[in-house]
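Trainee: Sequence lines, in order, name chains Z and A.
Sequential numbering from 1 applies to the first sequence in our numbering.
Sequential numbering from 1 applies to the second sequence in our numbering.
Just so you know, the hints here were simulated from the structure itself, not pulled from any lab data.
Any given hint might turn out to be false.
Stated by the list, open to error - Short, incomplete list of chain A residues facing chain Z, as computed with Cβ under 7 Å: (1) 27; (2) 44; (3) 47; (4) 58; (5) 59; (6) 61; (7) 101; (8) 103; (9) 105; (10) 106; (11) 107; (12) 108; (13) 114.
As the list claims (entries may be wrong) - Across the chosen pairs, the derived CB separations fall in these ranges: (14) 18(Z) - 16(A): 27 to 37 Å; (15) 105(Z) - 62(A): 33 to 43 Å; (16) 117(A) - 102(Z): 19 to 29 Å; (17) 61(Z) - 101(A): 20 to 30 Å; (18) 31(Z) - 15(A): 35 to 45 Å; (19) 102(Z) - 114(A): 21 to 31 Å; (20) 3(Z) - 87(A): 43 to 53 Å.
Beta carbons: idealized from backbone N, C-alpha and C, even for Gly.
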Amino acid sequence: EIVLTQSPGTLSLSLGEKATLSCRASQSVSSTFLAWYQQKPGQAPRLLMYGASGRATGIPDRFSVSGSGTDFTLTISRLEPEDFAVYYCQHFGSSPPHTFGQGTKLEIK
Amino acid sequence: EVQLVESGGVLVQPGGSLRLSCAASGFTFSTYSMNWVRQAPGKGLEWVSFISYSSRTIHYADSVKGRFTISRDNAKNLLYLQMNSLRAEDTAIYYCARDVSPYGDYPLLNYWGQGTLVTVSS
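If we strip away everything but chain Z, and leave its shape as in the complex, we get (with noise of 0.2 Å):
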């Protein structure tokens, strides 16, 4: 079973800065099946990137994704009022379990 870790627990910043959120696998997966999302609230989650470089839709361009083998990396570019939420990483390959990470909240500062 491959487990997800995320880094890190809550992540505290700025209107503006850039926010850099870590989900490291406990062992190697494709970045094909690496999926991150959020959730604000009371919400239900929201997709937000898969795969190499997939955004889903209306997700604005400040949301960019990278990594590959263990390390995976959600990076905001500039972060806006509305960015502030938890965020989480999937696997969700082929085979089950389809693992979730345990969140990164990104709080204001």
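Following the hints, position chain A against chain Z.
Mentor: Structure of chain A alone, referenced to chain Z:
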């Protein structure tokens, strides 16, 4: 507009059973694989189960295997989760979620319902 509406969440005693439903609309339900994902209060997301568009492929998380059963009725646009032998640790908001692409084999989830709360307590 794609809509997923879960129902069936209630307070149930440990050891009890419950069936959740998810009513889908706004897309051709029979061509999309579906999933259940849960979130315990104040905790992160946990994928629970996957069912392919044809019901031919079904997956479960180890934590629910043997206790939960996913199914679907493509004629009625409904997804189900039968939950048996419920435990306190099954307490969570249960979301149904749709795959990004039709005929998909894996849970990349771009549409989610608002969830239904299941509380397991005596």
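Trainee: If any of the earlier hints don't hold here, list their numbers in rising order.
Mentor: Violated: hints 1, 4, 7, 8, 14, 15, 20.
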